[in-house]
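> Top to bottom, those sequences are chains A and B.
This note's numbering numbers the first residue of the first sequence as 1 and each following residue consecutively.
This note's numbering numbers the first residue of the second sequence as 1 and each following residue consecutively.
Hints may be right or wrong, so weigh each one.
Stated by the list, open to error - Okay, derived cross-link-like pairs now, DSSO-like style, lysine-lysine, Cα gap no bigger than 30 Å in a straight line:
#1 A:K95 <-> B:K92
#2 A:K414 <-> B:K92
#3 A:K95 <-> B:K66
#4 A:K395 <-> A:K414
#5 A:K266 <-> A:K395
#6 B:K37 <-> A:K420
#7 A:K49 <-> A:K147
#8 B:K66 <-> A:K278
#9 A:K266 <-> B:K37
#10 A:K288 <-> A:K464
#11 B:K6 <-> A:K95
#12 A:K61 <-> A:K95
#13 A:K420 <-> A:K373
#14 A:K464 <-> A:K278
#15 A:K414 <-> A:K464
#16 A:K278 <-> A:K95
#17 A:K414 <-> B:K6
#18 A:K278 <-> A:K147
#19 A:K62 <-> A:K89
#20 A:K420 <-> A:K278
#21 B:K66 <-> B:K92
#22 A:K373 <-> B:K87
#23 A:K62 <-> A:K95
#24 B:K37 <-> A:K89
#25 A:K300 <-> B:K37
#26 A:K420 <-> A:K95
#27 A:K373 <-> B:K66
#28 A:K266 <-> A:K288
#29 A:K300 <-> A:K288
#30 A:K40 <-> A:K147
#31 A:K395 <-> A:K147
#32 A:K420 <-> B:K66
#33 A:K62 <-> A:K49
#34 A:K300 <-> A:K266
#35 A:K40 <-> A:K89
Calculated from the structure, these hints are not laboratory results.
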Amino acid sequence: MSNLYNLSAGEAHRGIIQGDFTAEEYVWSIIGRIERVEGKVHAFITLNKENALVCAREIDKKIRTKEVVGSLAGVTVGIKDNISTHGLKTTCASKILENYVPPYNATVVERLQNYGAIVIGKLNLDEFGMGSTTEFSRYGPTHNPWKVDYVPGGSSGGSGAAVSSRECTISLGSDTGGSVRCPASFCSVVGLKPTYGSVSRFGLLSYANSLEQIGPICRTVEDVVTVMNAISGHDPNDDTSFSSRSSVPYLSINQERTPSSIAIVKELIDGCDPAVSKTIYSALDKFKEFGSECTEISLKSVNYALPSYYTIAMAEASSNLARYDNIRYGFSFPMEGFEWNTYISNVRSNFGEEVKRRILIGSYVLSSGYYSKYYLKARQLRSLLRQELLSNFAKYDLLVGPTMPVLPFRIGEKIDDPLKMYLMDVDTVLANLAGIPAISIPAGHSNGLPIGLQLMAGPFQEQKLIDAASLLDNAINIKGSPEI
Amino acid sequence: MALVSKDELIHLGWISRINLSEEEIETFHHQLDDTIKYIDVLETFSSENLSLDHLEIVFSDLREDKAIEFTRELIPKSSRAQQGYVKGPKMK
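For reference, chain A alone in the conformation it holds in the complex (with noise of 0.2 Å):
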């Protein structure tokens, strides 16, 4: 009973419901796996095991009373801490949210407690959701399980870590830029970003809305359907959540269903790091024998994917956190000896130099002269690539290639260089800017560090995403656990 915490979502609440052991007994293995870790991994920012026992007790009373319980009663879920839970602060890992009491649930996390997920505490990530590596946090950074002086990915890379590390058992990050399949890919785990509109934002706190959403990142593609089938669907507080079901559909876990046609994308698989090359067409190798039919596709547009991401999403960042001027809520910041600009100008200087930044950028593309010379030509061609990979998709089932350009790296390795960060998410940014569902599964390791394979499919098309990352999966039989 000691390594309850090892267990994926299916296999712990399948424990608990047939009387294998109590919610109760595995929130203490994973309370237990956390005391033992955390100090090495650091993915919590706010812990909330009493709570988590008192919710366990709850769902050991009803099925002892036969009370009808949901698909994951028992199960431990960590939340990015830019999820917004009642009454457990949700800090951004910024100094400007340190003390922030969310009044209400986001639907996310309502939905997921609707179904009985137990929230074990909040997750560390770069500030405000920006970064790809999680050094960018008030908190500091967190660390991979796999090499603890590496980096685990971002923005989510305590979501990552945590689940990597088995101290929850499933995780919510959100995806703006690449943001869910990063750590993924760097902690050895399966990350989706759903189509934009499948998952409410309500509750999120906004980075970049046109570009980001909520996915899972989960140990078994099992509990990525789980998750996604609690989560998924029209929220009435969220008005770019698709109202209609059918376009939200139900996912199943079927290993028979093999894609038909795959295309692997030339831009992204071009100078990646070799090790992640071989990796990729080792997988590619592998859907050949399942029997799909595998091509090399060029898309001129992807050329200009990055520079036109950047301008969405930091201007965007420049216009939403413009509200954060401590006035309503925030840390101790004295108002006396201020007038109104310069107390907020003052209060703001203490946002994380990576968030500044990015407001500084957001309102440089924006400002008159640049603006059509920038943020324009960013969404023009963001629609245009939109249309490429469109069409791409009524050729082929999926689109494949790295989800990252390199393996995880040393802490502190790249962190005086924006730039070169940035470059990373070359691979990624696709699916935000096209709005289509993206998937990164386990796909190697070299020299110890975690190689993923990135999936893509048109919108909606989750159900082709699960069932090639579940063959995949079962195929190659990327498991184990970092020995930390």
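Could you slot chain B onto chain A? The hints should help.
Just chain B, lined up with the frame of chain A:
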């Protein structure tokens, strides 16, 4: 040639309401310039006859425009909140 001057950076700090230190102006100046030079590649792309991106939102899907009663409990419990109002800094 730099695309972002130090004076422009100071102005960006002002319109973004972020007070920048001398050290930050020095560091950000180079970093912002590198990033703007990178995104400047957008200018090489001919965008004639290209539409803007658009989100596929059906207007009938939007929430009914109906007032919802305001709950004063949603006002954060801070020392600055009094009788349903929040105190802010003085205007000039």
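> Confirm or reject each hint.
Do the hints match the structure? See the list:
For the hint pairing A:K95 with B:K92, the CA-to-CA distance comes to about 27 Å; that is within 30 Å, so the pair holds. The hinted pair formed by A:K414 and B:K92 fails the criterion: a straight-line CA distance of about 43 Å is larger than 30 Å. A C-alpha spacing of about 36 Å is found between A:K95 and B:K66, which places the hinted pair above 30 Å, so the restraint is violated. Distance restraint check for A:K395 and A:K414: the Cα-Cα separation of roughly 39 Å exceeds the 30 Å cut-off, and the hinted pair is therefore not satisfied.
Distance check on the hinted pair: A:K266 and A:K395 sit about 16 Å apart at the alpha-carbon level, within 30 Å; holds. For the hint linking B:K37 to A:K420, the alpha-carbon distance of about 13 Å falls within 30 Å, and the restraint holds. Restraint check: the Cα-Cα separation between A:K49 and A:K147 comes to about 27 Å, which is no more than 30 Å; the hinted pair holds. Distance check on the hinted pair: B:K66 and A:K278 sit about 57 Å apart at the alpha-carbon level, beyond 30 Å; violated.
Distance restraint check for A:K266 and B:K37: the Cα-Cα separation of roughly 25 Å lies within the 30 Å cut-off, and the hinted pair is therefore satisfied. As the CA atoms of A:K288 and A:K464 are separated by approximately 16 Å, the hinted pair is consistent with the 30 Å bound. A C-alpha spacing of about 27 Å is found between B:K6 and A:K95, which places the hinted pair at or below 30 Å, so the restraint holds. As the CA atoms of A:K61 and A:K95 are separated by approximately 40 Å, the hinted pair breaks the 30 Å bound.
Using a Cα cut-off of 30 Å, the hinted pair A:K420 and A:K373 holds, with the two alpha carbons roughly 23 Å apart. The hinted pair formed by A:K464 and A:K278 meets the criterion: a straight-line CA distance of about 24 Å does not exceed 30 Å. Pair hint A:K414 plus A:K464 does not hold up; C-alpha atoms about 35 Å apart against a cutoff of 30 Å. Proposed proximity of A:K278 and A:K95 is contradicted: the alpha carbons are some 42 Å apart, above 30 Å.
Between the alpha carbons of A:K414 and B:K6 the distance comes to roughly 25 Å, so the proposed pair stays at or under 30 Å and holds. Under the criterion of a C-alpha separation no larger than 30 Å, the hint pairing A:K278 with A:K147 is consistent with the structure, at around 21 Å. Pair hint A:K62 plus A:K89 holds up; C-alpha atoms about 28 Å apart against a cutoff of 30 Å. This hinted pair checks out: A:K420 and A:K278 have alpha carbons roughly 23 Å apart, not beyond 30 Å.
With a C-alpha separation of about 37 Å, the suggested pairing of B:K66 with B:K92 is violated against the 30 Å cut-off. Taking the CA atoms of A:K373 and B:K87, the gap is about 41 Å. The hint is violated against a cut of 30 Å. For the proposed pair A:K62 and A:K95, the alpha carbon gap of about 40 Å is over 30 Å, so the pair is violated. For the suggested pair B:K37 and A:K89, the alpha carbons sit about 39 Å apart, so the restraint of at most 30 Å is broken.
For the given pair, A:K300 sits about 21 Å from B:K37 by alpha-carbon distance, which is consistent with the 30 Å threshold. Between A:K420 and A:K95 the alpha-carbon distance is near 26 Å, which keeps this suggested pair within the 30 Å criterion. Note on A:K373 and B:K66: the hinted pairing is violated, with a Cα-Cα distance of about 39 Å set against a maximum of 30 Å. Distance restraint check for A:K266 and A:K288: the Cα-Cα separation of roughly 18 Å lies within the 30 Å cut-off, and the hinted pair is therefore satisfied.
At roughly 26 Å between alpha-carbon atoms, A:K300 and A:K288 fall within 30 Å of each other, so this suggested pair holds. Of the pairs offered as hints, the one joining A:K40 and A:K147 holds, with about 10 Å between alpha carbons and a cut-off of 30 Å not exceeded. Between the alpha carbons of A:K395 and A:K147 the distance comes to roughly 40 Å, so the proposed pair goes past 30 Å and is violated. A distance of roughly 48 Å separates the Cα atoms of A:K420 and B:K66; the hinted pair therefore is violated under the 30 Å criterion.
Proposed proximity of A:K62 and A:K49 is supported: the alpha carbons are some 20 Å apart, at most 30 Å. Only pairs whose Cα atoms come within 30 Å are accepted, and A:K300 paired with A:K266 is accepted, the gap being roughly 10 Å. A hinted pair counts as satisfied when its Cα atoms are at most 30 Å apart, and A:K40 with A:K89 qualifies at roughly 23 Å.
The structure fails to meet hints 2, 3, 4, 8, 12, 15, 16, 21, 22, 23, 24, 27, 31, 32 from the earlier list, while all remaining hints are met.
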